[in-house]
Structure formats: C-alpha cells, structure tokens
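The listed protein sequences correspond, in order, to chains Y and E. Under the working numbering, the first residue of the first sequence is numbered 2, with each subsequent residue one higher. Under the working numbering, the first residue of the second sequence is numbered 25, with each subsequent residue one higher.
Among the hints, erroneous ones may be present.
Unchecked claim - SDA-like cross-link-like pairs, simulated, lysine to any residue; straight-line CA separation at most 25 Å:
#1 E:LYS124 - Y:SER32
#2 E:LYS124 - E:GLY198
#3 E:LYS124 - Y:ASP36
#4 E:LYS124 - Y:THR290
#5 E:LYS124 - Y:PRO57
#6 Y:LYS84 - E:PRO26
To be verified - Distance ranges between label pairs, derived from CB positions:
#7 Y:GLU33 - E:ASN263: 41 to 47 Å
#8 E:SER267 - Y:PHE213: 54 to 60 Å
#9 E:GLY264 - Y:HIS302: 54 to 60 Å
#10 Y:HIS302 - E:GLN115: 40 to 46 Å
#11 E:GLN29 - Y:PRO52: 30 to 36 Å
#12 E:GLN115 - Y:ILE224: 32 to 38 Å
#13 E:HIS157 - Y:PHE213: 38 to 44 Å
To be verified - Interface residues of chain E toward chain Y, partial, derived using beta-carbon atoms under 8 Å:
#14 GLN29
#15 PHE30
#16 VAL34
#17 LEU194
#18 TYR235
#19 TRP246
#20 GLY266
I should point out that these hints are in silico values taken from the structure, not numbers from a laboratory. Even for Gly, the Cβ is constructed at its ideal location relative to N, Cα and C.
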Amino acid sequence: MSDLAIELAGIRLNNPVLVASGTFGYGREYSEFYDLSLIGGIMVKGVSLEPWRGNPVPRIAETHAGMLNAIGLQNPGVDHFLKHDLPFLRQYDTRIFVNIIGRSIEEYVGVTQRLEEAEGIDAIEINISCPNIKEGGIQFGSDPRSAAEVVAAVKAVSSRPVIPKLSPNVTDIAEMARAVEEAGADAISLVNTFLGMAIDIHRRRPVLANTFGGLSGPAIKPIALRMVWQVYEAVSVPIIGMGGIMQWQDAAEFVLAGAKAVAVGTANFTQPYAAPEVVRGLQAYVEQTGIPYEQLVGAAHSQADNG
Amino acid sequence: MPPEQFVVRVAAQHAVADEHFELILEPHPVFERTAPGQFMNVSVSGADRFDPLLRRPFSLYRRFPDGSYSLLYRTVGRGTRILSRLQKGDQLDIIGPLGKGFSLLPGSRPALVGGGVGVPPLFLWAQKVLIHHGDVRAILGFNEARLAICHNDMAELGIQVEVTTVDGSLGRQGLVTDALEPLLRAGEIDAIYACGPYPMLAAVASMAKRYGVPAQLALEEWMGCGVGACLSCVVPIRNGDGSTEYQRVCKEGPVFSAEEVYFG
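All chains should be modelled from the sequences, with the hints used to inform the complete structure.
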C-alpha cells in the first residue's frame, strides 16, 4: 500500500484528503457512516465567539450540477464547540482544522484566543470568504490589505498553523494569495463558494431568502482548479485545494494543479462516503502511476505549454 | 439505528392522479426499521452522475403484504420527472432512514390532516400504528379533484375520510381547516397528525391549541444533505423563555410537536 501521509504546514496528515468547512458539521453526522480516522482531516463548520443564528429559509437552492447556499454561518459558538464538539472529534485519528469566523478583527482574535486554551486542535482555518453575511467574512476576503490584516492578527495570537480560506470572488486570486502569504499564512485554502443567485420565475422573486448565495458543486470545479493553478505559481506555502471535488479524479486534478491537500465539500451532502472513497482512489492512482504523492503535487505545471 | 446507503430495485410504477406517481420498491430491511414519518433521501441522478445534484427526501407511502414499500410523489421539478420515468428493474440509490418520525399521542379518536403531497407521509403511520389504536379519521385537502390522492387507499384501510377541495370539484368545498373545526368543536377528535403546506400547518396548529388537542406536524423544507450537516432545512422552534432557535427538519424533525413550532 502506498503511503499518502503528508506534512502540511508542520502538521502530519495520515492522508491529504480533508472535508471542507460547512459541509461536515462537527463530524457527528458522518461518523454514523464511517470511521472518521479514514480521512486526513476535518475542517469543522465555522466557529464564532458567540452563537450565530444564521439566515432565514430558504437557505438552499439547487442549480445545474451545483447548489447555492446561504446558511449565514449558523453555529453554536466557540464555548459550545470546545465543550461538546472538540472532545467528540478528538476520539478519532484525524487532524482537526477549526474554521473561525468573525464580524471584526477583534472577534477573529477572540475566537483564536479561546481555542488556544484547548488541546487537540491542529490548525486554524480563517474564513475570510463567506459570501453570505454582510459584515465580516467576504469584506475581509475581497481586499488584499484587509485579508492580510486578519491573518496577521490571528497569527499573532495562535500557536498553531494559520490557514486563510480565500474567496474566489476577486479579480486577482494570486494577489490575494501573495498578500496572505506575506502576512504569515502557513498554508492557503481555496476556494470558498462563488457568489450567485437563482430566481423563482413563478413567484418572480429570488429563491434564497438572502437573495445571494454561494455556488458549490461540480459546476465550479474548472474555475476552482484554475485558481489553485494560479496560486501555486504565485506563492510557496502549501495549498489545500477544493471546489467541486466529487470523486478521486477531481482530487487528482487539484493535486496536479498544485494542491498539496484537497478537501471534499458538497459531495458529502450527496455521497456520504465521498471523502474516504477519494482517499482510496488517490491511493490506487499513486500505485498505478508509480510516482510518489508529493511529486504529483503541481506536476502538471511542468507539462503545460504556457506559450 | 443509524442511517445507511443502499440500492434497491424498482418493482413497479404507476400513475395515481394527474402529476402523481406511486413508485413501488422491492423489500429491503431498511424499510422495515423505518418509523412512519422518517424519510428516505433518494438519488435521482444515478451513480457517477452529478446532475441533478442533490438527493430528494421522500417518506415511505405504504407497505405491501410482500414487504415492498412505495413512494408517492408529485412531479414538480427535474428530480421527480426523472423518477417518474423509472421502470421495473431500475435501481435506486437511497440513504435512510432519516429524521424523527411520529410518536403515539394519547387518545382513541385521532385525525390525520393532510394537504396535497403532504398526505402520503400520513398513510404509513396509520397503516402500521394508528389503525391499531383507535378509530382513525382523515381530512384531506386538495386544490382540485384531479390532484386528489390517497383518499381511496385510506378508506380501504378503514379510515373515515373526508376530502376538501379548494374549487369544490371533490368532497367539501374549502380548506381542511373548514372540515376540521366542526369536529374539534364537537369533541370528536383527541389527537392530530398533520402534514401539508406551511399555511395549512399553521392553521391546524392554532386550531389544535384553541381546542386543547395535541398535534404533531410533519414539516417540509428544502434540504441539502438530509443528515443534519448542512443546516439548510431549519425551522424556528420555541424555547421555554419565549425566544426561538433554528432546528433541523431533517434531524430534530421532520415531525415536531405543534406547540413548539414558531409560525411567525
């Protein structure tokens, strides 16, 4: 059996397949389907300083080969997470990436400080890219200077690797990546969802109560892949690639584009076993090609005809 | 018991009314351990195909003597149109059972109150449990006669059925609540199990409260994952202190006690 274990930002992962924040709750629901130790890591649903109520319904709309969501980062807050969810997750041999959210830099820093009091957290993923809340989130993720400020502030109080999750809703993703790298990011997650909408033609109004939502699923994969490719050429920190990964072939594309690790997101909703199946598929792919996993990361760049 | 993903074969499919089909599935152990009111999350796109992307939640409609079960649905969109083309021998990928089903309320004169495609989830509850615990009555509302479903199956089961239609083309003209209120006033109903559109459920809940009759409501909301992870299908639930919090229709529901649901 080939070894898929990797080191990412100083963390050792049993394999490079994670599950994306917001698509896996805090692990409980999918632990009814499989042993969570089978996946390399869990990026938990966004955690804020105080509980957040989230948006009214409808929060979801299906689109062709995709879906829009506007959950609004509903979560029970960091205290609840530390008391009820972290102990549950720590039962498993998988790495725990805590996705943090805030409406201000102070709130991001506040959550990070609360997390510092706990053991068993492997990394902090900063959500500066949620398109569904008016304050915070995307406001930090669409401007390089603001993004860098959040990363630097969290980095200053975190003893753990800090991984900003970038928004694809920007003109120049490479510029964003360079900004957060300079601010001290240990790795970069990309992409979050694409801002979109759907309209109910019978009622003549937006489907989502929030009007706009984040598009995810297979529909976004080519764009996400292109962004991973561009960021790989722009920065030297490792990339966690995501966006429409449904099966191992999609994950392999992200790896070849430059992602050292990948995250399965929306696929969890439709195929609960998607993430462990991606692990199995990548393992077989590595065996079949005979190329060590780490050499596959970004391997398509040297083959590309950029002229 | 936890949900599982399984594949089952289609035994038959037939139209039951305009735009409505009954899809009969071969016996499967998961169906036998499914409580009425729980649901199945059905893939309509098939293996390795990602469009339509999301699974569709359906409750089981009824059990046949040979152990097969059916789904009864209305063709409202892409997913249900694909389902309606399935034939005997085709395979269906399902996750279930999901959510929390009905539980038995005290009383021996229960009523099923259903509107439109909210009617089918009530039948299995009556067939498996309720019919053994009392004289069951059903009040079923539809927009018009051509969309009426389940009323004959319920009558065959021994349920006393009253149909209402908005246009008066079948049964009593009006809404289910028009038929429900006189019965509540006369004290002929001591428990309510309801499923249907939100405005109907809101009216049933307030009527049940007024007459002091306990009620359970099976809610429907747009779902992403069906297992409780995505937080798409939430409904405001009353806390003791007068505030509300969002709970998941797919996990804490779909069946809620009427007094805990906040209708705004």
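For each hint, the structure was consulted:
no. : hint                            : result
1   : E:LYS124 - Y:SER32              : 18 Å, holds
2   : E:LYS124 - E:GLY198             : 31 Å, violated
3   : E:LYS124 - Y:ASP36              : 24 Å, holds
4   : E:LYS124 - Y:THR290             : 47 Å, violated
5   : E:LYS124 - Y:PRO57              : 22 Å, holds
6   : Y:LYS84 - E:PRO26               : 24 Å, holds
7   : Y:GLU33 - E:ASN263: 41 to 47 Å  : 27 Å, violated
8   : E:SER267 - Y:PHE213: 54 to 60 Å : 28 Å, violated
9   : E:GLY264 - Y:HIS302: 54 to 60 Å : 59 Å, holds
10  : Y:HIS302 - E:GLN115: 40 to 46 Å : 41 Å, holds
11  : E:GLN29 - Y:PRO52: 30 to 36 Å   : 32 Å, holds
12  : E:GLN115 - Y:ILE224: 32 to 38 Å : 33 Å, holds
13  : E:HIS157 - Y:PHE213: 38 to 44 Å : 49 Å, violated
14  : GLN29                           : 6 Å, holds
15  : PHE30                           : 12 Å, violated
16  : VAL34                           : 20 Å, violated
17  : LEU194                          : 25 Å, violated
18  : TYR235                          : 29 Å, violated
19  : TRP246                          : 5 Å, holds
20  : GLY266                          : 15 Å, violated
Hint violations for this structure: numbers 2, 4, 7, 8, 13, 15, 16, 17, 18 and 20, all remaining hints satisfied.
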